[in-house]
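K.L.:
Sequence:
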Amino acid sequence: NIELITDRPLRDNLREISEVKKRFPDHAVIASLMVETREEWHNIVRDVENAGADGIELNFGCPHGMCERGMGSAVGQEPKVLQTIVEWVKEVAKIPVITKLTPNISDITRPARAARAGGSDAISLINTIQSIVGVDIDNYVPYPIVDGKSTNGGYCGPAVKPIALNMVKNCAQHPDVNLPISGIGGVENWRDAVEFILLGATSVQVCTAVMHFGFGIIRDLKSGLERYMDEKGFATIADFRGKALPNVKHWEDLNLKYKVVASINKDKCIGCQLCYTACDDGAHQAIALSSDPTDRIPSIIEENCVGCNLCSLVCPVEECITMERRDDGQQFINWAERTAAGNIPKTFDDELAGGLHHWVPEPAEALAKKQPRHYKG
Numbered sequence: 001n002i003e004l005i006t007d008r009p010l011r012d013n014l015r016e017i018s019e020v021k022k023r024f025p026d027h028a029v030i031a032s033l034m035v036e037t038r039e040e041w042h043n044i045v046r047d048v049e050n051a052g053a054d055g056i057e058l059n060f061g062c063p064h065g066m067c068e069r070g071m072g073s074a075v076g077q078e079p080k081v082l083q084t085i086v087e088w089v090k091e092v093a094k095i096p097v098i099t100k101l102t103p104n105i106s107d108i109t110r111p112a113r114a115a116r117a118g119g120s121d122a123i124s125l126i127n128t129i130q131s132i133v134g135v136d137i138d139n140y141v142p143y144p145i146v147d148g149k150s151t152n153g154g155y156c157g158p159a160v161k162p163i164a165l166n167m168v169k170n171c172a173q174h175p176d177v178n179l180p181i182s183g184i185g186g187v188e189n190w191r192d193a194v195e196f197i198l199l200g201a202t203s204v205q206v207c208t209a210v211m212h213f214g215f216g217i218i219r220d221l222k223s224g225l226e227r228y229m230d231e232k233g234f235a236t237i238a239d240f241r242g243k244a245l246p247n248v249k250h251w252e253d254l255n256l257k258y259k260v261v262a263s264i265n266k267d268k269c270i271g272c273q274l275c276y277t278a279c280d281d282g283a284h285q286a287i288a289l290s291s292d293p294t295d296r297i298p299s300i301i302e303e304n305c306v307g308c309n310l311c312s313l314v315c316p317v318e319e320c321i322t323m324e325r326r327d328d329g330q331q332f333i334n335w336a337e338r339t340a341a342g343n344i345p346k347t348f349d350d351e352l353a354g355g356l357h358h359w360v361p362e363p364a365e366a367l368a369k370k371q372p373r374h375y376k377g
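First residue of the sequence shown: 1, per this note's numbering; consecutive thereafter.
Careful: at least some of the hints might be erroneous.
[What the hints assert, rightly or not] In silico PhoX-like pairs for lysine-lysine, Cα to Cα no more than 25 Å straight-line:
no., residue 1, residue 2
1, Lys-21, Lys-90
2, Lys-268, Lys-257
3, Lys-94, Lys-161
4, Lys-90, Lys-80
5, Lys-222, Lys-243
6, Lys-222, Lys-22
7, Lys-80, Lys-21
8, Lys-149, Lys-161
I should point out that these hints are in silico values taken from the structure, not numbers from a laboratory.
Keep in mind that this is a model prediction, so the values were computed, not measured.
Model the full assembly from the supplied sequences, consistent with the hints where possible.
P.N.:
Now the structure itself:
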């Protein structure tokens, strides 16, 4: 989208906040705010409080339009400025303050920590990602087109979910953030909501999916979440919030002895051979075709397979290609431990490189001598 906040007068929004709160007194109403000066922040916070809002969300995320006026992601990208504005708001706010963060930054925990330092009661993330969604190749104008011209906008929806999950995880794991997190980005169904909660979110927000499918999807979100909690024996959201975080490790800490290989279910295989093409052209040449032209079922060359999972990702048949474990589960060594002992793969056919014909370049002297930051000898 390339919308520039709202063209509706503030008085209309304040009136509707008041009306919604009167009709639904048991539901929380959160007002999303973005203004410029300290005085404007003080005034608008008081206005929405008087209208009946239960909380406010400070929009420091919009990547277009507002940045040029010193708002939106221009604030979210400057932790010191963000902290100052949060402090302005907390000078007058009597209701909880949520700080909405921009994903258009290299380290999301920096503004998150600034929000906490400023006194924010919670954070929400992510907002839209600065982007150009496509180009009209006949008229040479990017989309969306406005009178023959275009501009960058904010990208949202299912495609941003992996980015949002990673950033939510980063904030949830950082000891200096330590704030409730509202997860945003690509939530379309109850499974999406569960994933955000498992990575540390205390709540989730939905926008694009409602615009696409209507408010009715909230019923499915609620019922699906309730079923999941019943099946798992969870009584509250807190029972499983962050439950996946202990399983997210730095890559240096993963077990190099863990060995899986692809397995093709010949009864399910339709013979499209997409897996062969993907593996042969983009992976490890670990899939073979029969010399019999009537037999289109591929087979796995296990000694070449490193379990990269590419074949199963391109396979159009659900659970036709699965990963099967081949190690005994008794051995463990991670990259930090291996490199600290000097066991760095160097040459073609080196067993330490992970398999047959997996070459890595000769490591620089600094790498060979470097003690990994996660290693504890």
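K.L.:
All hints are to be evaluated individually against the structure, with a verdict given for each.
P.N.:
Right, here's what the structure says about each hint:
Restraint check for Lys-21 and Lys-90: the C-alpha separation of about 23 Å stays at or below 25 Å, so the hint holds. Between the alpha carbons of Lys-268 and Lys-257 the distance comes to roughly 30 Å, so the proposed pair goes past 25 Å and is violated. Restraint check for Lys-94 and Lys-161: not satisfied, since their Cα atoms lie roughly 33 Å apart, outside the 25 Å limit. Distance restraint check for Lys-90 and Lys-80: the Cα-Cα separation of roughly 15 Å lies within the 25 Å cut-off, and the hinted pair is therefore satisfied.
Among the hinted pairs, Lys-222 with Lys-243 is consistent with the structure: their alpha-carbon atoms are about 20 Å apart, no more than 25 Å. The hinted pair formed by Lys-222 and Lys-22 meets the criterion: a straight-line CA distance of about 23 Å does not exceed 25 Å. Distance check on the hinted pair: Lys-80 and Lys-21 sit about 34 Å apart at the alpha-carbon level, beyond 25 Å; violated. Our distance criterion of 25 Å between C-alpha atoms is broken by Lys-149 and Lys-161, whose separation comes to about 29 Å.
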